[in-house]
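J.: So the chains spell out like this:
There are 2 protein chains.
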Amino acid sequence: MTPFKLTDEFLSEIEALIDDQKNSSLESLLNEVHYADIAEIINELSEEHATYLIKLLDSDKTSDVLTELDEDVREAILNNLSAKEIAGELEELDTDDAADIVGELPKEIIHEVISEIEDREHAKDIVDLLRYDENSAGGLMAKELVKVRESWNILTCVKEMRAQAENVTRVHSIYVVDDNDKLKGRLSLKDLLTTSTKSHISDVYIPKVDSVSVNEKPEEVAKIMSKYDLEAIPVVDEMNRLVGRITIDDIVDVIREEAEKDYQMAAGISQDVEADDSIWNLTRARLPWLFLGLVGGLGAAAIMGSFENMISSHAILFFFTPLIAAMAGNVGVQSSAIIVQGLANDDLKGGVGSRLIKEMLLAMLNGVVLATVLLIFTWVYKGDFLTSLAISISLVVVIIVAGLIGTFIPLFLHKRGIDPAIATGPFITTSNDIFGILIYFSIAKILLGI
Amino acid sequence: MTPFKLTDEFLSEIEALIDDQKNSSLESLLNEVHYADIAEIINELSEEHATYLIKLLDSDKTSDVLTELDEDVREAILNNLSAKEIAGELEELDTDDAADIVGELPKEIIHEVISEIEDREHAKDIVDLLRYDENSAGGLMAKELVKVRESWNILTCVKEMRAQAENVTRVHSIYVVDDNDKLKGRLSLKDLLTTSTKSHISDVYIPKVDSVSVNEKPEEVAKIMSKYDLEAIPVVDEMNRLVGRITIDDIVDVIREEAEKDYQMAAGISQDVEADDSIWNLTRARLPWLFLGLVGGLGAAAIMGSFENMISSHAILFFFTPLIAAMAGNVGVQSSAIIVQGLANDDLKGGVGSRLIKEMLLAMLNGVVLATVLLIFTWVYKGDFLTSLAISISLVVVIIVAGLIGTFIPLFLHKRGIDPAIATGPFITTSNDIFGILIYFSIAKILLGI
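Sequence order for the protein chains is A and B.
Just so we're aligned, residue 5 is where the first sequence starts under the working numbering, counting upward by one.
Just so we're aligned, residue 5 is where the second sequence starts under the working numbering, counting upward by one.
Simulated from the structure, these hints should not be mistaken for lab results.
Check each hint, because a few of them may be wrong.
Just so you know, same-sequence chains aren't split out, so a pair can sit in one copy or run between any two.
[To be verified] With a cut-off of at most 25 Å between alpha-carbon atoms, the simulated DMTMM-like pairs for lysine to aspartate or glutamate come out as follows:
| id | residue 1 | residue 2 |
| --- | --- | --- |
| 1 | K151 | E31 |
| 2 | K212 | E31 |
| 3 | K111 | D195 |
| 4 | K221 | D41 |
| 5 | K231 | E261 |
Generate the whole structure from the sequences, applying the supplied hints.
T.: In structure tokens, the structure reads:
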């Protein structure tokens, strides 16, 4: 299969069918289309068209479509649905997805929507999930899971499981709890297939089971599940009672979002934006970083102004300021990116000191290679050996300082509990520009005896 | 649970126990430690210590440890194992992991290792997998899966499944094939639990099943599985015959690696390196991009040299070159990053033209805001309105051009089938530095009538 590709023709066809109210054509056309793809279509439709389609299609499909929509589109559509209609959609969803949607509803209608949900157990589970912080394992987990008591035998277990499995889309593990709901262990479906029905659960379950606390951060859960190759992990409360389960598909989204956030931060984009967002949203995400760059540039200009007396005798020094600034910026971004990634993957060993020494050696090696090229080039080109040497020596020092700043700042932020990713990109480039140019002129001044 | 954190004390304890050959202490100490964590320990040990530990521990654990090791550590250890010992480890692994390890072995010993594998079916599956390109669905898939024929009834099916499930760590779906092994549909374990044993497979299976071709790119498989929330996907050959299965845990690795690659590219690091790699490896990954920056800086210097006649009357123009270069670079990186991310997520709609117009409007808006600040600042500071105006107008034009370059290049590369991620970072910064400074001086020259 290849993923569905939304064409303009297909979109126009859908719009025309909606305008002509050709319901059965629409239904048969979209019958074979995956809900994630229908969400893509609806994201592109007008609010009226979108609402029409959601009301037309079966709610076992539209409920899934709703979870995949862009947040603003979903909000607009839900606004046009009655509390009863929204409750009908929630009925079809797993509790985690339902709770996410309820969490986005205006406060004043939540109560009515919840009261319209027919399955009271489902409604209770959704309300339970609402109290967890979105940014925690509790906010990610679903209530759907299969659990059995250690006191049961396999036969009771299979009977109970059949009932529970009805509500669980994917059974990964069967969790074993004691009479107080405390998590004791697990049982794999495979084991169940290969064990005699007379056995007792307490004799066959695996007492070792990984779990996370409801308060764990999503990034941490992602790290644990991907490191230990888990497809689902049970979530326990402060009393070790089993309260939910997180599945790997939710974690895939967490990993993607984390990666996108770090990438955008490194590129100087401050919030989660996409190419198709409005110019206003894109400006809000980009302008602050550019403003930082502007301030840095003004700082660099002020520094150069203070060395103005050198301009008549050594104009060439001023020609190399973009080079110095660029090298300082590039080295800083490289070293900070490596540290940020090491911190994210938890694979930085050794202390800050040894890391700084390593970066210094590395920067020195790179710096000497680059400075040699620069020296030969400027000497041949300009014929002034002393000035060329001064520029080249400055470059080495600038590269070393830039590397040290790039290494130190993310480590420092991390130690202070601040996301080190903010130290990549424009932040490090700007500070390195200023330091670089200051160092460059100071060294040149000393070496050239001006 | 919190993920295992390797301490220096624990490492020293392990090393001391190995030196003293305290085997039973080592075994009981590491018994409760997860294989992924043992791999972390072994990555830090000397080759002798590491080999000792691998030989000591049970191969059902060490085989998994081997898959998690750093490539160079694994290579060193396998070098110290006999063909029979390696075969013993492969015996314990799923075919995909086993094939990855065999693929890394020196050509001359592969034949011997394969011939030492006792389970000939397993050996055949591994050899089958070796012929697939590492960078394809075939290179990712495992042979372990549960498949049943549509002609069977549920009873035969359950019996056959019990036998097959022995070799499959996680059963996600049961795949239904015809007598020629062509993929027909699927059956969920849950359905099996809730269907009477007298039913015929052909009556109960779900004929709709997503699959990917063996030749599909891993990124594409990742996109499909994460978009459609799949935990496993069957892989078919050119004749639609079921040849393997890819599970989500392998896809999580693909997603992480993709994200890291793009991030490093944007930071100007050209290959997959980590903070703990050698200075030599880090230099090889970083120096080429710095060299590119050097060339850019020399270009900028040459351009400034050609405007040298302006230096006596308008020295201030030269003070703002780092600012101009920084803004051109930052804007370019921002716009290219947004395009690269949009391309990666497949959510860019509309043509190149409309995208360039949007970026132009956005850059104009940002540019005017920034230029106004710059104008006021330089005017107050230097008192020369005309020069300040010239600098500010140049800034707007530079930002617009930088935004357009940053938008166009990744789109162009993508159209040509080249990974657009290479256009972020140093590449775009360097070219924008040069263009920016050239535009800046040209406009200033015209406006100031020099």
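J.: Please go over all the hints and tell whether each is borne out by the structure.
T.: To see whether the hints hold, each was checked on the structure:
{"no.": "1", "hint": "K151 - E31", "result": "neither (38 Å within a copy, 33 Å between copies)"}
{"no.": "2", "hint": "K212 - E31", "result": "between (48 Å within a copy, 18 Å between copies)"}
{"no.": "3", "hint": "K111 - D195", "result": "neither (46 Å within a copy, 39 Å between copies)"}
{"no.": "4", "hint": "K221 - D41", "result": "between (30 Å within a copy, 21 Å between copies)"}
{"no.": "5", "hint": "K231 - E261", "result": "both (18 Å within a copy, 14 Å between copies)"}
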